[in-house]
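Number of protein chains: 2
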Amino acid sequence: MQNYNNPSRSQWESILKRPTATFDDVESVVVEVFNAVKASGDQALKEYTKKFDRTEIDDLEVRSQELTTAENTLSKDLKQAIDLAYDNIYKFHKAQQTSRVEVETTSGVDCWQEKRPIQKVGFYIPGGSAPLFSTVLMLAIPAQIAGCSQVVLCTPPTKEGTVHPAVLYAAKRCGIQNIYKVGGIQAIAAMTYGTESITKVYKIFGPGNQFVTLAKQYATTLGVAIDMPAGPSELLVVGDSFANPAFVASDLLSQAEHGPDSQVILVSTDKKLIDEVSVELEKQLEELPRKEIAKKAIANSKMIYFDSKQDAADCIDAYGPEHYIICCEDEQFYIDAIHNAGSVFIGNYTPESAGDYASGTNHTLPTNGYTKQYSGVNLDSFLKQMTFQKISKKGIQAIGPAIELMAEEEGLQAHKNAVTLRLNELKANKE
Amino acid sequence: MQNYNNPSRSQWESILKRPTATFDDVESVVVEVFNAVKASGDQALKEYTKKFDRTEIDDLEVRSQELTTAENTLSKDLKQAIDLAYDNIYKFHKAQQTSRVEVETTSGVDCWQEKRPIQKVGFYIPGGSAPLFSTVLMLAIPAQIAGCSQVVLCTPPTKEGTVHPAVLYAAKRCGIQNIYKVGGIQAIAAMTYGTESITKVYKIFGPGNQFVTLAKQYATTLGVAIDMPAGPSELLVVGDSFANPAFVASDLLSQAEHGPDSQVILVSTDKKLIDEVSVELEKQLEELPRKEIAKKAIANSKMIYFDSKQDAADCIDAYGPEHYIICCEDEQFYIDAIHNAGSVFIGNYTPESAGDYASGTNHTLPTNGYTKQYSGVNLDSFLKQMTFQKISKKGIQAIGPAIELMAEEEGLQAHKNAVTLRLNELKANKE
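Residue numbers (the working numbering), protein chains in the order written: chain R, 28 to 458; chain U, 28 to 458.
If we strip away everything but chain R, and leave its shape as in the complex, we get:
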């Protein structure tokens, strides 16, 4: 842990600096795989799966028999847990639906805005040691509510050529029809270009390692949108004497176990809390199966003490954490003072894990300071806003002269002319 006492504003940037990844040697691999998938489609997918995932796949698509088997394999308790998470996530994202916005801006000028679904979306779900079936729910439920007509899910197969049953159960629960055993760069390439088996999509969502991250970034240069730019996961807790040190330590560790580059920060206006959390961290760390990973992240973690609540809040806002836990007496102050955070967890009984799995909020969030300009995944991530207008004869007569003047001043005579022709016709018909 690295401890700081009332650091000055000029120090904040360097204290809270995030690790910057360099991808130079990965980039050539990404381009090579994309080109191969563009040229040879499914055949390339199978070859890369053999090379990278060390398994031979004849049929890339998961068939209904495998879905049924998965459902039968999974414990009843886990299925019920997934069902509970499904219900909460569904409720919260369903409530995000908005109705069409309609305004008659001038008499005879009707303007409205409607949201329509992105028709084709693709999800990348990491496999391997941590099969992220929770991410299936976080992406597929809002897509289902939005009404996306084609949903493609790609996930790398195990060495036995299978997919974790919880991933399949979650996908089936969300009505996903097209599930493929393909991972890594080749999965992103397949959803970008399309292959014999896999449909080309308009937007790709989901987490992944540095290869997947760079592949998604590369896909954006080929006309595909992505959910958001990625970076290591991060958690900032602000606490005072109201906070429970053991709970705070457990939250910091839940972040630390993600990876050695996870960002773990405690900001406090209470020195005692920093000492107590440090003791708890050491104690709890020893019990964790992933303690080697967590230890590295904790070694880089920051504990920052501030005398002033306002300084604490300003420092947090300058950082803009992905996950932000508030365990303070005056929680409203720390809610209102912040502009930049992905998801906010309030009070001693609101662990970050709740939002990761089952409370209902989405866990796909901006990291790396991108909270300053990006939203986390939400219902709108699967919709586009379109505008419409219908103008009556009276309407164009009311706003037409203003349009003519403005178009002329911008030097766009044909824009003016489109109005003038209509106004002249209306004048002629009146006379």
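These are calculated hints, taken from the structure and not from any lab test.
Everything numeric in this text was worked out from a predicted model, so none of it was measured.
Hints are supplied without guarantee of correctness; some may be wrong.
With a Cα cut of at most 25 Å, we get these calculated DSS-like pairs of lysine-lysine [to be verified]:
1. R:K121 - U:K142
2. U:K323 - U:K44
3. U:K336 - R:K142
4. R:K199 - R:K103
5. U:K310 - R:K65
6. R:K336 - U:K142
7. R:K106 - R:K118
8. R:K44 - R:K322
9. U:K121 - R:K121
10. R:K44 - U:K227
11. R:K417 - R:K454
12. U:K186 - R:K421
13. R:K421 - U:K118
14. U:K310 - U:K336
15. U:K103 - R:K421
16. R:K142 - U:K142
17. R:K77 - R:K318
18. R:K298 - R:K44
19. U:K421 - U:K457
20. U:K65 - R:K44
21. R:K44 - U:K147
22. R:K118 - U:K421
23. U:K336 - R:K121
24. R:K142 - R:K417
25. R:K323 - R:K310
26. R:K454 - U:K310
27. R:K44 - R:K457
28. U:K417 - R:K121
29. R:K457 - R:K420
30. U:K147 - U:K118
31. U:K121 - R:K417
Restraint-style ranges between C-beta atoms, simulated for each label pair [stated by the list, open to error]:
32. U:F360 - R:G174: 13 to 21 Å
33. R:K78 - U:N456: 49 to 57 Å
34. R:Q29 - U:S91: 41 to 49 Å
35. R:G286 - U:S419: 27 to 35 Å
36. R:S37 - U:A326: 40 to 48 Å
37. R:A364 - U:S67: 44 to 52 Å
38. U:E54 - R:G174: 33 to 41 Å
39. R:R127 - U:K103: 31 to 39 Å
40. U:N456 - R:K121: 29 to 37 Å
No residue lacks a Cβ here, since even glycine has one placed at the ideal position from N, Cα and C.
For this one, chain R is given, so just place chain U on it according to the hints.
For chain U alone, kept in the frame of chain R given last:
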């Protein structure tokens, strides 16, 4: 004009292919300018302004005296036109405000979503022959409604070192405090890195030539968001015998005058309309000051006849036009059948110019097929959605066991532990 008669579905992609720009030689210039601005700040801006805009600027910032002079210079009629446009754009974007979404997903589990403004935004407004003061309104009004606290506007100076008074009047009207005489790549670099005069922003909006487009794209690799990827402007009109051929021709020409690479398409289920529009096009073209530009775009324009309404609609949807005018008897069919369009103009008295200037809808729209996954600029472009949750003791007892099971199955023991600690404490205190 290129005419097609009932083209088969397999031909649509090649008929409606958009021009693809290659930027290879521009890229090295972009990197050079960004590096210079990063290294030398304002000094670099002044040097590039001298080099590219051929004027020497001592003070990059537009001072209040210049704003007052602009207001006095502008004709009363044009000011009134801008004011009318302001009011309509304001009304339409103000109506897009939503209230906070709050759901108790499980008893004791309160989740809510709030939108907060992106604090720092930057606008690029092209200058030169066509000073796009209308774009100032389209960007600054929603930023004002969203509550963005810092708004920076960059626009290239004329050879006399001035800015068009209508740009200044529109900016003042929208309350923009920070206006700078700097254009091109160097303006985008300044808003990306910040200089002595110009604040670094989180998101950059606005149109520009290929240099500006590539600079914005490059900025996204440096942690800045942009409004959307850019491409040449485009218009598709669908018409039948209900359409007025002279009006349709005037709309197609208003698109064609933007540039020789503008996309101009007429889809019709009425052969007579195609013939009549072709005659009108030739006639109106001769009258235009920008006829040389428009001629080139019209030479590449497509006129597509379909027997079937459904084929027409499917073809339009596959293209996904930025601007989409419907002049058909059964307009509702052509509204409902389309998923992909930026802004839709309905009826004979709704020219595209109306939405470009004064009806109230935004004119910053996705082109190049990006209507399939991007929205046009709207109020939400200036806001981020953040989620919040507060869970009571009862709430964590209700959903905690599900979280424990899911975290364990994903191999994330510390995530489970953060819940277990809390549940154990509650159990202990109860006993």
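*asked:* Tell me the hint numbers this structure goes against, listed in increasing order.
replied: 5, 12, 14, 17, 23, 27, 36, 37
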